[in-house]
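**Q** Chains as they are written, first to last, in the working numbering: chain A, 20 to 484; chain B, 20 to 484.
What you were told as hints is all true, and nothing was included just to trick you.
Pulled from the structure, derived: some chain A residues nowhere near chain B, Cβ distances all over 12 Å:
1. Gly97
2. Thr290
3. Glu422
4. Arg425
5. Ala427
6. Ile477
7. Gly481
With a cut-off of at most 16 Å between alpha-carbon atoms, the simulated EDC-like pairs for lysine to aspartate or glutamate come out as follows:
8. B:Lys169 <-> A:Glu440
9. A:Lys300 <-> B:Glu459
10. B:Lys51 <-> B:Asp168
Treat the hints as calculated values from the structure; they're not laboratory data. From the three backbone atoms N, C-alpha and C, an ideal C-beta is built for every residue, glycine too.
Each chain is listed here by its residues.
2 protein chains.
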Amino acid sequence: MDFFFKPKGVAIIGASANPVKGGHFILNNVLKGFNGGIYPVNPGYQEINGIKCYPSVLEVPDPVDLAIIFVPARMVPGVLQECAQRGLKGVMIESGGFAETGEQGKQLQKSLDQIRKDTGIRIWGPNCMGLVDAVHNLVFSFVLPAIWDKGLQTGRVSLVVQSGMLSAGFLIDIMSNGIMGISKACSIGNKADINECDLLEYLIDDPETGVIGLYLESIADGRRFIDLCRSSAKPIVVLRGGKSRKGAEAALSHTASLAGNGAVISGALATAGVVEAYDFKQMMDVCRSLANYPQISPEDCRRVGILTMSGAAGILSADFIEAHGLSVARLSPATVEKLQEIFPEWMPVSNPVDLWPAVELNGRKKAYRHSFQALCDDAEVDAILFHVFVGGHAAADISALVEMARQANKPLFGWVMGRREDAHKFQLHAREQEIPVFGELYRAVECMAAVFKRSRYILRKGGKL
Amino acid sequence: MDFFFKPKGVAIIGASANPVKGGHFILNNVLKGFNGGIYPVNPGYQEINGIKCYPSVLEVPDPVDLAIIFVPARMVPGVLQECAQRGLKGVMIESGGFAETGEQGKQLQKSLDQIRKDTGIRIWGPNCMGLVDAVHNLVFSFVLPAIWDKGLQTGRVSLVVQSGMLSAGFLIDIMSNGIMGISKACSIGNKADINECDLLEYLIDDPETGVIGLYLESIADGRRFIDLCRSSAKPIVVLRGGKSRKGAEAALSHTASLAGNGAVISGALATAGVVEAYDFKQMMDVCRSLANYPQISPEDCRRVGILTMSGAAGILSADFIEAHGLSVARLSPATVEKLQEIFPEWMPVSNPVDLWPAVELNGRKKAYRHSFQALCDDAEVDAILFHVFVGGHAAADISALVEMARQANKPLFGWVMGRREDAHKFQLHAREQEIPVFGELYRAVECMAAVFKRSRYILRKGGKL
Numbered sequence: 020m021d022f023f024f025k026p027k028g029v030a031i032i033g034a035s036a037n038p039v040k041g042g043h044f045i046l047n048n049v050l051k052g053f054n055g056g057i058y059p060v061n062p063g064y065q066e067i068n069g070i071k072c073y074p075s076v077l078e079v080p081d082p083v084d085l086a087i088i089f090v091p092a093r094m095v096p097g098v099l100q101e102c103a104q105r106g107l108k109g110v111m112i113e114s115g116g117f118a119e120t121g122e123q124g125k126q127l128q129k130s131l132d133q134i135r136k137d138t139g140i141r142i143w144g145p146n147c148m149g150l151v152d153a154v155h156n157l158v159f160s161f162v163l164p165a166i167w168d169k170g171l172q173t174g175r176v177s178l179v180v181q182s183g184m185l186s187a188g189f190l191i192d193i194m195s196n197g198i199m200g201i202s203k204a205c206s207i208g209n210k211a212d213i214n215e216c217d218l219l220e221y222l223i224d225d226p227e228t229g230v231i232g233l234y235l236e237s238i239a240d241g242r243r244f245i246d247l248c249r250s251s252a253k254p255i256v257v258l259r260g261g262k263s264r265k266g267a268e269a270a271l272s273h274t275a276s277l278a279g280n281g282a283v284i285s286g287a288l289a290t291a292g293v294v295e296a297y298d299f300k301q302m303m304d305v306c307r308s309l310a311n312y313p314q315i316s317p318e319d320c321r322r323v324g325i326l327t328m329s330g331a332a333g334i335l336s337a338d339f340i341e342a343h344g345l346s347v348a349r350l351s352p353a354t355v356e357k358l359q360e361i362f363p364e365w366m367p368v369s370n371p372v373d374l375w376p377a378v379e380l381n382g383r384k385k386a387y388r389h390s391f392q393a394l395c396d397d398a399e400v401d402a403i404l405f406h407v408f409v410g411g412h413a414a415a416d417i418s419a420l421v422e423m424a425r426q427a428n429k430p431l432f433g434w435v436m437g438r439r440e441d442a443h444k445f446q447l448h449a450r451e452q453e454i455p456v457f458g459e460l461y462r463a464v465e466c467m468a469a470v471f472k473r474s475r476y477i478l479r480k481g482g483k484l
Numbered sequence: 020m021d022f023f024f025k026p027k028g029v030a031i032i033g034a035s036a037n038p039v040k041g042g043h044f045i046l047n048n049v050l051k052g053f054n055g056g057i058y059p060v061n062p063g064y065q066e067i068n069g070i071k072c073y074p075s076v077l078e079v080p081d082p083v084d085l086a087i088i089f090v091p092a093r094m095v096p097g098v099l100q101e102c103a104q105r106g107l108k109g110v111m112i113e114s115g116g117f118a119e120t121g122e123q124g125k126q127l128q129k130s131l132d133q134i135r136k137d138t139g140i141r142i143w144g145p146n147c148m149g150l151v152d153a154v155h156n157l158v159f160s161f162v163l164p165a166i167w168d169k170g171l172q173t174g175r176v177s178l179v180v181q182s183g184m185l186s187a188g189f190l191i192d193i194m195s196n197g198i199m200g201i202s203k204a205c206s207i208g209n210k211a212d213i214n215e216c217d218l219l220e221y222l223i224d225d226p227e228t229g230v231i232g233l234y235l236e237s238i239a240d241g242r243r244f245i246d247l248c249r250s251s252a253k254p255i256v257v258l259r260g261g262k263s264r265k266g267a268e269a270a271l272s273h274t275a276s277l278a279g280n281g282a283v284i285s286g287a288l289a290t291a292g293v294v295e296a297y298d299f300k301q302m303m304d305v306c307r308s309l310a311n312y313p314q315i316s317p318e319d320c321r322r323v324g325i326l327t328m329s330g331a332a333g334i335l336s337a338d339f340i341e342a343h344g345l346s347v348a349r350l351s352p353a354t355v356e357k358l359q360e361i362f363p364e365w366m367p368v369s370n371p372v373d374l375w376p377a378v379e380l381n382g383r384k385k386a387y388r389h390s391f392q393a394l395c396d397d398a399e400v401d402a403i404l405f406h407v408f409v410g411g412h413a414a415a416d417i418s419a420l421v422e423m424a425r426q427a428n429k430p431l432f433g434w435v436m437g438r439r440e441d442a443h444k445f446q447l448h449a450r451e452q453e454i455p456v457f458g459e460l461y462r463a464v465e466c467m468a469a470v471f472k473r474s475r476y477i478l479r480k481g482g483k484l
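Excised from the complex, chain A in its bound form (with noise of 0.2 Å):
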């Protein structure tokens, strides 16, 4: 597999000088970041961009392991007859107009297979938008030349998805928001070969992908699927599409995939320690904050100090928290004693700690400071939920928070509200701290518990994965 993401050179068949054709974008993204050798391929050009072109795959010379094709569906089989000729190892075949388009297209992917058979030579797709590498700046894909606004956001979280929008569109919203990074985004389509669990069992074993998610309709082999995940010693989240009927009719269309019973498929997932979302940001964030927190300890993590500004908002905690299966940490009378010290004595201090009448007496760097230490050294408490107001501020810095934390041994969670840009600056100042925070209450409890209960899985496995 390692031709697909560390090829020697790369062919991108079907490679066009016309800035709107995306045999025109896959040229310009391979040549952003890759630094192998590049051969467009397309009868029509002699050069494209100043780069010689080639009229035929054929006549690419060396060093070339991978073809990108982007031709029209019928074009497809030839030239794949042609890649393997030339000694190709694999390629990603980007054009639609397979078994997602009906009968006449599901024969040309069965001819499709039948080269592969023949010939041995591995097939990403048809029908995709192949790969996106943000470490190694790879995009061997047809996405719009937006994701290189802000330069390539590099994370632990790889991504399989069945869904050209989750590696293009998708991937420029999560590129552009910058609070959260990725390792690799692979777009698999048809499935034609190389399927989720190919990539599953790559990334698995990936030193550059700390948590692996996927966007699915379909899965191929559902025992090797949930093998795979059962000995990851990495997080897997899944998002199922088509568990519903009219979604599932869909998805047959797009995919040309048929999901499986939902039931059935959720409890296995489930007892493989997946961690199954429900929708695409849902997703992402679920992913950042595993990939924060692959695991922790203890692992049987459960009672949660919750520091906030507002009554309100530690109430909706408590609530959130409680209909997650956690607990609202009951505070050690030392810890107790030591909030009491900034908060004004007609206020007794409890779980959640509201942090505004302390703020008023002391300020916001002291009153955060000293109830994050109170907190951290509890031993009742097992994990913090923290809210923070910006905006009307200087700029808030958690990093001697986050310090803090690390030394005792307890994850941080945070929700951030206030001005809307003052809020995104929060954001990224707290992805550099490797700690997840959320514009939304809710998402902030859901992403904890999702965290937790990873760690409760290899809590039953032995503490080993």
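Position chain B against the provided structure of chain A, taking the given hints into account.
**A** Using the frame of chain A, we list chain B on its own:
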């Protein structure tokens, strides 16, 4: 109650020249937008910022019918007595230190109530953030000046909240985001006198309010509350804090509230046509959706047409729609035929309509207009959920699409994804068009379902409220 919302003159008791004090913020906020008489009261100053300051409310000249009180709790009864003596009709007591702080505070609050009984003066608070009225630029609150950053964004949603944060930090969040507007935000605190029922009754009759959202930790008079909700022609959204055991404990110390039996309350609210929310921002999303669509026709609106740029997003939309008891519309043959005109031959069109191939063939503008018109013309489609990707193209202008939908009398809901700044601009554009657009797909369907549910409630009530 009008003297709270439209006072002729306001005394600010506890006004301060110290720029970090709440009494300073209140004065500055009132000065910024209120056109009536403004009278700082504080024996420590002759003037504040060039405005004459009075030693006591007794000295304050006419016109004055309201006082905002922000002095230490122990001084409040004396001040309140003077306000009654001066002939004021009401006071907003924004100081804390009453029933929320224990036995002594409870006694103090009781003494306020006694003064009310003896004199007839009405009390808003204590322990509250007062009123923000975006339409009339009234900020009777110690909220930070950041709320004025982009001006007060006006809208049809009014809030009644048992939380300072929700009418302060959170309102700053909303105002700086700009994707929804507010009419009035009322922070009611300990509800010594004026409670959620009084304000609900007022807002139901308020011509500037279209939807009422309430965050409550207790309901003082359940029967009156439910009767008001039932009689309201305006949608009412309730977020309850303290539903869990620990949350209820925290609510007790926050605003001295005792939450009632959760399931009973939920049932009563549902039968009164109230939409229950579960989180702060989610509540705002539900409120702004209902502000755009307080009542739709046909009231039994369920069949959704989905226009997407992504197969996966179409599939999840279908999943969410079915999960919420709505249905994916079965397009009429005429619609399918009309849509087929813009699609490649190989692609059989069905709902969800994946526009991507049509956009490739015809460009975005034509693909969206043609498909919108087709769905608007289809009697089998009650409402449209559309997806937009922004970034890398010209700015999306949906005004023509909105007009089509308006002509066809079909509600529109949108999901936007893409470059951060472009997505935000698109949401601002959608607000101007009075169309609810969301950054998360699940939220879009959730809000759609809330709107439809409200209309079915109206239908069951005979179409009139």
